[in-house]
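These are the residues of each chain, in order.
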Amino acid sequence: MKTIAYSLALLVASSSFAAELIIKIKNVKHDASTIYIAIFANEENWPDGEPFRALSTSAETDVTTVSVEIPEGTYAISVYQDINGNGEMDYNALRMPKEPWGVSNDAPARFGPPKWNRMTFELGDEPFTAEFSLKD
Amino acid sequence: MLNRRELLALGSIGSVCNLSIPTRANMTDPTFESFHKNLSSRPWLRLYEGISEEDTGVRQCALEGDWPTDLVGALFRNGPGRMERAGRRYQHWFDGDGLIQKWSIDARSNVTHHARLVQTTKYLRDESKGKLSLIGFGTTGDHTTDITGPDSLNVGNINLLPREDELWALWEGGSAWRIEPESLKTKGIVNLSTESSGLPFSAHPRVEPNGTVWNFGYVSHLGALVIWQLDPGVREPKISIVRRSPMTIPHDFVVTDKHLVIPLPPLHYEPNRAIEQSFIDMHVWHADRSLDLLVLDKNDPERNFVVELPAQWLFHYSNAWEDQNGVIRFEGFRYDDPSLMTTAFSTVMRGELPQSVSFSKLVQFRVDTKKHTATVEVFENGLAACEFPSIDQRRSTSRHEWLTMLVNDSRSNSAIQLGLLNGVARVNTTTGEVSRFTYPEQEIPEEHVFVPKPNSTNETEGWILGTSLDYNREETHLNVFEIRDTTPEPIARATLPRLMPLGLHGQFVTAT
Chain Z
1 MKTIAYSLAL LVASSSFAAE LIIKIKNVKH DASTIYIAIF ANEENWPDGE PFRALSTSAE
61 TDVTTVSVEI PEGTYAISVY QDINGNGEMD YNALRMPKEP WGVSNDAPAR FGPPKWNRMT
121 FELGDEPFTA EFSLKD
Chain G
1001 MLNRRELLAL GSIGSVCNLS IPTRANMTDP TFESFHKNLS SRPWLRLYEG ISEEDTGVRQ
1061 CALEGDWPTD LVGALFRNGP GRMERAGRRY QHWFDGDGLI QKWSIDARSN VTHHARLVQT
1121 TKYLRDESKG KLSLIGFGTT GDHTTDITGP DSLNVGNINL LPREDELWAL WEGGSAWRIE
1181 PESLKTKGIV NLSTESSGLP FSAHPRVEPN GTVWNFGYVS HLGALVIWQL DPGVREPKIS
1241 IVRRSPMTIP HDFVVTDKHL VIPLPPLHYE PNRAIEQSFI DMHVWHADRS LDLLVLDKND
1301 PERNFVVELP AQWLFHYSNA WEDQNGVIRF EGFRYDDPSL MTTAFSTVMR GELPQSVSFS
1361 KLVQFRVDTK KHTATVEVFE NGLAACEFPS IDQRRSTSRH EWLTMLVNDS RSNSAIQLGL
1421 LNGVARVNTT TGEVSRFTYP EQEIPEEHVF VPKPNSTNET EGWILGTSLD YNREETHLNV
1481 FEIRDTTPEP IARATLPRLM PLGLHGQFVT AT
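Which chain is which? The protein sequence lines are Z and G, in order.
Residue numbers for the first sequence follow the working numbering, so the first one is 1 and each next one is one higher.
Residue numbers for the second sequence follow the working numbering, so the first one is 1001 and each next one is one higher.
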């Protein structure tokens, strides 16, 4: 397990309400690449706005796990694996993702991005594990 | 921190098709029950029974007649092959797992038959679970989280495209599958570039004499038509996106030396998200709307226009050619409505008789690309139904005079009551004159293709090659016709002592 470094300022600002969020990404078929992770804190920003937190980690085959400390609250996560290392998610001409991707709760994407209320989870004062799979 | 592009990338996840449908996995499957209850009393249902093994192996066929020594090669055919698994059955004929059949004819006129199922993602998933997932074009009932896009449902069961040293097995809503022609083994999905990866490559591509392949695909929920151009010797295709809403189900199209024409019948994509629906059930037929002929500039498909004609349904078109005045001509098979697809092909999967059958007429379209007008004219030939066009492919995108097609010659015979055909015909597209051969009762022809004779240039010098299914004797035949005074005369046939499932389209590949 890796712990992602984050800013001292954020630590100070949120230390009294911080809780550990463990992000467990399953079905990782390729290593030697980066998984980009976006944590969203409000529906207005999903899917096109700024996430509450954006981070990245090296992919580990089968299961890749990272943890962060963030304030208690309601969150949703989306991730993609940058297989070809070009720093962006690859799409076909119709903006369908062509690299592995996943969202919290494995929320279904039916005719568009997954629905916010299918992706969200509550982070309380205890450590919480958000576990979901990459889809090809 | 991720940059803006990366954030957008994360946010755009989900332009995919993921169906969320309640499960009824533990209930008896009513389609399976109904079909098998009716099978013994309706022998024609064997056409839709399907096979259960993955690979039939290669079998020698018995020969009759006078086999032409210079007819050497293989007829490859595709169609829905596997219909059931462990007590569950697809609800629509078009949902059957793709079955590639290969009829090989060697230089000594030995004929062998081999058939193998396309190893699609869906097939392999069902195989590993030992269960048929009830989800597809006209089948619904299962919830599955394994669906990440159209290719999760892609059964590769409609047509084949010979492509360099492989065959592509074609579906309508997803990618092509790579097939090894010798063994019929599936080698994986066709992926030519990131831009084109996962885009639909539909089942009736058009090949120009210079080898350029044109095709289209449609993505209903995005209201998008994808235009493909595969130039000879170039791996990466040229892709154009044309927005079109509401989307319909365009099954075929035509190409001239300057234009593409995609007919869009008014079977509009109007899903009702409140109820469980199969893909076909998400469409509504609008008899009061128009058949839109979408005419696109080959060099720049975004330059296009629409010409409206009265509502009518068509699956297939012959071949288009454009004269010096910019008038495009092509033939098609016109139905009053799409009920053959929307109703009859579900009814037969339950083992029931279609309530009514739509009859098809041979029609000729004329599209004036300068005036932006169009007409459609019916060839009155006394036939009850026509389907499955084939031309001399050397005339592709230029003027053809002759058309080979399947027909039904009567509105009262047993085949047509089942939505089936009973003969093969040659049509002169200038005069409308038809000459035909009618198969015996209970022998159902499948698509027949024109094969030019070696070293000939005339589109009347060739054979017609096609299969037929005798559901009483439980035999499948490969039939060869010679064109004599424009009339197709049977000269030889090979018999496989087994009834294969009713299929769709194929291609003859001449031995080199």
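Do not rely on the hints blindly, as some may be mistaken.
Once the Cα atoms are required to be at most 25 Å apart in a straight line, the calculated DMTMM-like pairs of lysine to aspartate or glutamate come out as [what the hints assert, rightly or not]:
#, chain 1, residue 1, chain 2, residue 2
1, Z, 24, Z, 131
2, G, 1187, Z, 136
3, Z, 115, G, 1470
4, G, 1238, Z, 131
5, G, 1238, G, 1142
6, Z, 115, G, 1142
7, G, 1129, Z, 136
Partner residues aside, some chain Z positions facing chain G, computed with beta carbon under 10 Å [said to hold, decoys possible]:
#, residue
8, 73
9, 84
10, 126
11, 130
What the hints contain is simulated information worked out from the structure, not anything from laboratory work.
These figures come from a predicted structure and were not determined experimentally.
By construction, the Cβ of each residue, glycine as well, lies at the ideal position given by its N, Cα and C atoms.
Verification of the supplied hints:
Pair hint residue 24/Z plus residue 131/Z holds up; C-alpha atoms about 5 Å apart against a cutoff of 25 Å. Restraint check for residue 1187/G and residue 136/Z: satisfied, since their Cα atoms lie roughly 18 Å apart, inside the 25 Å limit. Of the pairs offered as hints, the one joining residue 115/Z and residue 1470/G is violated, with about 52 Å between alpha carbons and a cut-off of 25 Å exceeded. Proximity of residue 1238/G to residue 131/Z is assessed by CA-CA distance (about 40 Å); at most 25 Å being required, the pair is judged violated.
At most 25 Å may separate the alpha-carbon atoms for a hinted pair to count; residue 1238/G and residue 1142/G exceed this at roughly 37 Å. In summary, the hint linking residue 115/Z to residue 1142/G is supported, as the alpha carbons are separated by about 21 Å, within the 25 Å threshold. Using a Cα cut-off of 25 Å, the hinted pair residue 1129/G and residue 136/Z holds, with the two alpha carbons roughly 19 Å apart. Hint on residue 73/Z is violated. Least Cβ distance to chain G is approximately 19 Å, over the 10 Å limit.
This hint holds: residue 84/Z has a C-beta 8 Å from the nearest C-beta of chain G, less than the 10 Å allowed. Residue-level restraint check for residue 126/Z is violated (minimum Cβ-Cβ distance to chain G is 27 Å; threshold 10 Å). For residue 130/Z, the suggested interface contact is broken, since its CB lies about 15 Å from the closest CB of chain G, more than 10 Å.
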